[in-house]
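Those sequence lines, one after another, are chains A and B. According to my numbering, the stretch in the first sequence is residues 1 to 451, in order. According to my numbering, the stretch in the second sequence is residues 1001 to 1255, in order.
Read the hints as simulated data drawn from the structure, not as lab findings. Take these hints with a grain of salt, some might be off.
One side of the interface only, derived from the structure: several residues of chain A facing chain B at Cβ under 10 Å [as the list claims (entries may be wrong)]:
hint	residue
1	Q385
2	E389
3	L394
4	R395
5	I399
6	A400
7	F412
8	A413
9	D415
C-beta atoms are modelled at their ideal positions from N, C-alpha and C, and glycine is treated no differently.
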Amino acid sequence: MPSEQQPMITWYEEQFGAFEKSLNGGRTSEIHALRRKGIAAFAALGFPTPRQEEWRFTNIAPITKTAFQPSRQSADLSIVEDRIRPLLLAGAWHLVFVNGQFAPSVSHLAGLPAGVMVSALSEALQKHPNEILPALGAVVRSDENAFTALNTAFLQEGAFIAVRDGMDVERPIQVLFAAHSPGGPTLIQPRNIVIGGARSRFTIVEQYVGVSEHPYLTNAVTEISLGARAVLEHDRVQEESLEAYHVDSLQVHLRRDCRYTSTAVSLGGAIARSTIGTVLDDEGIECTLNGLLLATGTQLLDSHTAIDHARPNCASHELYKSILDGQSHGVFNGKIFVRKDAQKTDAKQTNKTLLLSDDAVIDTKPQLEIFADDVKCTHGATVGQLDDEQIFYLRSRGIAEADARDILTYAFASDVIGRIAVEGVRTRLEPVIHARLSRARTTEHARVHQS
Amino acid sequence: MLTIRDLHARVEGNEILRGINLTVNAGEVHAIMGPNGSGKSTLAGVLAGRAAYSVTAGSVRFEGKDLLAMEPEDRAREGLFLAFQYPVEIPGVNNSYFLKSSLNAIRKHRGLEELDAVDFLTLIRQRMKLVEMDESFLNRPVNEGFSGGEKKRNEIFHMAVLEPRLAILDETDSGLDIDALKIVADGVNTLRRPDNATIVVTHYQRLLNYIVPDVVHVLVDGRIVKSGGKELALELEERGYDWVRENNARATVAG
Ligand SMILES: Nc1ncnc2c1ncn2[C@@H]1O[C@H](COP(=O)(O)OP(=O)(O)OP(=O)(O)O)[C@@H](O)[C@H]1O
Ligand SMILES: [Mg+2]
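In isolation and in its complexed conformation, chain B is listed as follows (with noise of 0.2 Å):
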């Protein structure tokens, strides 16, 4: 479904991502950790299509396609979703509009008809209740006034909505309390298929308790410098980072 290659990515000119090798297949979730800073976020963004980073070398190829040479729009129409770590505050424009709106885009593209007001809404309000949002978020503007965990329980909920083949999920679990954090990795798991895929940013182990990847990626430094299975992710809470990096150092000088 995504395969990554030597993806080296700039800002402000200084180089973030410093060559990532990634494959993810149909099917699988794969959780990425890493220390503060060490990119994991850029990655995200430049997946997403974030105009601030440029590639500098690398490839990325999404279901056959060239993902680094469509507009973020086209990218979210092929399935890629990116659930933010800071969703962006909307006002004046109301949540199930915004939503409506992106998924008629999305299936206009896919060759669907849009959806109309009644089957919009049933729908909608299918998916509010498998992140048990209560539909007083709907007529509010995107984010605005919501509180931390609010905002990342909305971006799962669009994600429900928008139904991508790939979702990102950057340190959704950051700022979830321990019931919301079931609610959210509950329904991530209800919408798993085996023909999509999910990639986990996160700092925490505990939420790889309730949404299980199959492998577990560690980034440091804007390089996968060790994957495994998920006892990578316990392996990593006892040891640190520090471990990987020392691991990584004596490999880069064997190497």
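Next up, chain A with everything else stripped away, as it sits in the complex (with noise of 0.2 Å):
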């Protein structure tokens, strides 16, 4: 750990200390034990820094220098509770936490089918201690990093969703995680936990939104796995604020014959990194990733991901695009491990970039490690500009230069979006993207102009 990191890392040990002691009796439990373990293990392992190859591209620095305050139960709801409506889907469970906090009023979680548990974790804990417990930790190794431990440290709410074996959910899960953080930079560390038994199937939408634009730090650790023949549409938007920053790790366990796809939009956050692992621990298991990057004005939005095929004939697909404008800057890392034992797999990567602008810059990285000799593996990565061609038989039929551009940008992700497996979530996005996209626009027209 660098000594320069020591102020903060006291700060977060001082914070520890006062949310123990809220704590009451708490303090002896179990879970608190795993709470000590991961404030020991963030002070002993420290802020990643771009020394280590895994954040190379990814200056965390204005992270690891701000005094975040943990979250503490929110006051007053009522005040994001009208920024929170709009954004529950029609026909879907909801699940809402305001700045890390269980919040009932906007959530809905009446009549939920026996065997679909849907719940904030901390109910869940104290409902069901003993099947709960074993799931923390379990797919997400506490001192992976400083970001993973510390969310351990202060591990106390997040979404808890277990579904029986054999359960079909008809009704998406949404998931919202609503920041507002008017009254200083606030840390909130939501720990999530998925369940799905033998032959479930059901779908969630995790969606992160900053319903303020204020400085704040979302750390999110979640924890997925999947029993056989499961199948998991995961939606998961990354709104923040543009002033806030955003870290989450997503770990999913997968066994025989499983299906899970994630589709990931990520548009928020000064800074936002986001790793994936996904261990595909036994046969027959197809495993889709997708992911969109949409990065204006200075943001970084940082998107790792690993594919670890631990076992034979199962296939993998990836399809990562990332556009960037104004002076941002994307990181993609896609690791796709093939152990030895993995013949037969099927893995297939693809990024691409659309730069917007001369100043935006991508750093892009497959890492394919193979040890087994009988598969089939791909990748292929572009980095490119909207087409004049095009452009110009947009315009030549009446389309605005801007609304050309526009329409293109939006073509190129059209497919990711595409992907996402709710409805509500894709016909919602089209005009946020479209939005961020002309707001890029006028902004950079102001600075160009101002200069």
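Assemble the dimeric complex from its two separately framed chains, guided by the hints.
So this is what it looks like as structure tokens:
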């Protein structure tokens, strides 16, 4: 741990001390032992630095230099409720958190079918501690890095979703994390646990939204484990405030004949780093990771994915696209491991970047490590700009240049957006993306005119 | 409607158009023929506002306005339409969405209300019939994976929806089979009105049997070297371009 980090580490240790005090009786519980391990691991590791390979392109200095205050029970939710309601998907179950705290007034969980548990983690821990405790940290190693360690240290709340064997959950489960942090930089650390029984089928929409433009840090950890032949569609939307920071780590453990699809759209955050790790731990698994990064201004959006083919006869498909405008910076790192055992693996990775300005930068790195010999693995990365011929074609049919660029940019993203499982998420994103692009254009315009 | 005077244009330092003069009046059909590389598509591109070409001299007036001063989209909104020789594929943009954006941009410019989804669909269904195009093409990305002939037919479909004042068809007939050629030509003829005009660029006199031109021009080396009635196309087919080239050389020497 670099010594200049000591003051910040002390800060979080002090925060941990205060947190411990507030727990009263909770201090002796099993879960608290886990937290203690978390804070110890955090202090030992320190925040990652660009000297570490995994963080080489991702300068998180603004995060490590800010003393974020772990969020407490928020006093008054009514101000943000009006901002949250329009975000709730029609026909879905809603599990909503504001600044990391469960918000029952905007959550809708009454009438969940038997065999489907969707609740705040704190509530689930109270009701079924013996079932849930073993699931904590089962998929994510708390000492993986400083962020998972810090998340574990303050582990208290998040989404808990468990679907029993054979259950087919018709309605999507929307988990919404709204952040509203006017009182100074807040630290919001959801811990989400998803357990899909054998042959279960369900859909989750995981969404992070900043409802006001204030600095805060979301540091989320999600652990998913699926039983044999389970099918999970996982839509993920990151729309944090542009002043905010977002770090999330998703780890997925898959068993025989599972089908897991994650489609992640990342738009928000001054700095946002998303890590996905999937382990294909039996045969016949199909794992699909789709992603779209849209960065403008000086945003830094980073996606690290890892697909671990541990067993034979599995397939993985990965499509990640980045659209970068202004002076933004995109990072994509896609690891695919094919272990010695994993014969007949079929892995395909595609990464495409559209640069909308000369000042935007992408760092893209496919990383394939293949130890089996009878496999099919392909990867491809392209970086390009909008096509002048296409722009001219649109303009020659009466479409304004700015609109032509907008249409073509959206078209670039459309195949990823088309893979979002829940239609309501897709239709809401379209205007959000258009607005972001045109807003970027206006500010860019203003910038050019000022200079 | 369109008056081109002494138009010179360069691309990458080479002068491709070297003094074009052409007048097209409302209600007329003009054909432009000429050997490969003579500058036909360049002329069409300069009129539509393609950025790669720089106009070095001359003027173009369209409906009384300075065409060359306008952005490509404004030319389209004023009623100019180019059916591309090589229509570009646009993955991710669906044909009907594209047409709706296009039509509404043009309507807005003309002070008309934007069409709602129902009126738009009624209109495009009707225009699809005109070019006998299958409805499945509406929901496909613009030109993506279309066959050569399907792309050309799609261009005429766009034209039928946008109803331009002046349409320039750049070798729309190349790549069309005999039946498609007839359908496209019928479409163009149906859309003919006393207040609009068409320029057809073609290599084949066959098309001109269906779309009968008022005037045929021969463009060679960046200049219109001969203009005449529809019989000129037949004569060209028989005698080839060397015949006009020689004629032109003699005329130049004599002049
Ligand atoms: N972007 C460009 N860069 C370089 N040369 C060009 C470009 N566009 C056109 N030219 C040249 O200009 C000349 C005229 O081309 P143009 O496409 O106008 O010919 P055309 O008469 O339409 O021919 P065709 O009958 O083959 O379609 C050709 O020699 C061509 O190579
Ligand atoms: Mg041509």
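These are the hints, each one checked on the structure:
The restraint placing Q385/A at the interface with chain B is violated, with a minimum CB-CB distance near 15 Å, outside the 10 Å limit. Here the hint on E389/A is kept, as its CB sits about 5 Å from the closest CB of chain B, short of 10 Å. Interface hint at L394/A: satisfied, since its Cβ lies 7 Å from the closest Cβ of chain B, which is below the 10 Å cut-off. Given the 10 Å rule on beta carbons, the hint for R395/A holds: about 4 Å separates it from the nearest Cβ of chain B.
Given hint, I399/A at the interface with chain B, holds; its Cβ is 5 Å from that chain's nearest Cβ, closer than 10 Å. The interface hint given for A400/A holds, since its Cβ lies 5 Å from the closest Cβ of chain B, which is under the 10 Å cut-off. The criterion of a C-beta within 10 Å of any C-beta in chain B is met by F412/A, whose closest approach is roughly 6 Å, and the hint holds. Satisfaction of the interface hint for A413/A is found here, the shortest Cβ-Cβ separation to chain B being roughly 8 Å, below the 10 Å cut-off.
At its closest, the beta carbon of D415/A sits 7 Å from a beta carbon of chain B; the interface hint therefore holds under the 10 Å criterion.
Checked against the numbered hints given earlier, this structure breaks only hint 1.
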